[in-house]
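*Asks:* Sequence:
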Amino acid sequence: VRAKLNLTLPISRFDLDLDTLRARAETLDAVQSAEVKIGAGGVLQVTVTERQPAYVWRSAGGLMMIDAGGHRIAGLADRADRADLPLIAGDGADKAVAEATALLRSTGPLAPRIRGLVRISDRRWNIVLDRDQTVLLPATDPIDALDSLLALNKAEDIFARDITAIDLRNEHRPVLRLAPFALEDLRRAQGNAPKTESKT
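For what it's worth, my numbering labels the leading residue of the sequence shown as 1, then goes sequentially.
Among the clues, some could well be false.
Straight-line distance between alpha carbons at most 20 Å, and here's what the computed DMTMM-like set of lysine to aspartate or glutamate pairs gives [as the list claims (entries may be wrong)]:
#1 K37 <-> E26
#2 K154 <-> D144
#3 K37 <-> D17
#4 K37 <-> D19
#5 K95 <-> D141
#6 K95 <-> D130
#7 K95 <-> D132
#8 K95 <-> D29
#9 K37 <-> E50
#10 K154 <-> D130
#11 K154 <-> D167
#12 K154 <-> E171
In short, the hints are calculated from the structure, not lab data.
Remember, predicted model here, so these are calculated numbers, not experimental data.
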């Protein structure tokens, strides 16, 4: 902050523009707000309120901590440096933080399994789970779609199945994508397994 204020001290209080100094301090990514005043004894006092990291955002530019409003705070060298923060990824994810927060609050029993949210085409989200499972949410009413999925899972325990993705983009026709080995087992059960060529 001191470097950003760019002051040469000592300086007369009459030469100080407190509003300009405050504005300079608030240009720092990590600073949410600043208060600049002349205190007792003519001492210049600068009080800053720091932005609180809420997410790690992964984009083409690397890893960045952002606050609950999507404002950039500071870069990260390694995701493990802030493993306590939820991960969002993709172009435009920083501008849709409010929706990401609402989604995470609606994940219920899935919450411990979530590895991150991925913004797709700056329109919608994918929820990435452990065990290589992904939930593809629609661009419109994603929380309603998620609520329906959680109700379905409660009734049928679909996340326990050998699936790689649940596609909810068409609200009238959710699609389950089976893992390759599960798909092969299903084909065998239906008598449609690919025939192996016998060698003579």
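*Asks:* It remains to establish, for every hint, whether it holds in the given structure.
*Replies:* Okay, the hints, checked on the actual structure:
1. Proposed proximity of K37 and E26 is supported: the alpha carbons are some 15 Å apart, at most 20 Å.
2. Between K154 and D144 the alpha-carbon distance is near 15 Å, which keeps this suggested pair within the 20 Å criterion.
3. Straight-line distance between C-alpha atoms of K37 and D17 comes to about 10 Å, which keeps the hinted pair within the 20 Å bound.
4. Between K37 and D19 the CA atoms are separated by roughly 9 Å; this keeps the pair inside 20 Å, and the hint holds.
5. Taking the CA atoms of K95 and D141, the gap is near 17 Å; set against the 20 Å cutoff, the hint holds.
6. Using a Cα cut-off of 20 Å, the hinted pair K95 and D130 is violated, with the two alpha carbons roughly 25 Å apart.
7. Annotation: proposed proximity of K95 to D132 is violated, straight-line Cα distance about 26 Å (limit 20 Å).
8. For the given pair, K95 sits about 16 Å from D29 by alpha-carbon distance, which is consistent with the 20 Å threshold.
9. Distance hint between K37 and E50 is fulfilled; the C-alpha atoms sit about 18 Å from each other, no more than 20 Å.
10. With a C-alpha separation of about 18 Å, the suggested pairing of K154 with D130 holds against the 20 Å cut-off.
11. Proposed proximity of K154 and D167 is supported: the alpha carbons are some 17 Å apart, at most 20 Å.
12. Our distance criterion of 20 Å between C-alpha atoms is met by K154 and E171, whose separation comes to about 18 Å.
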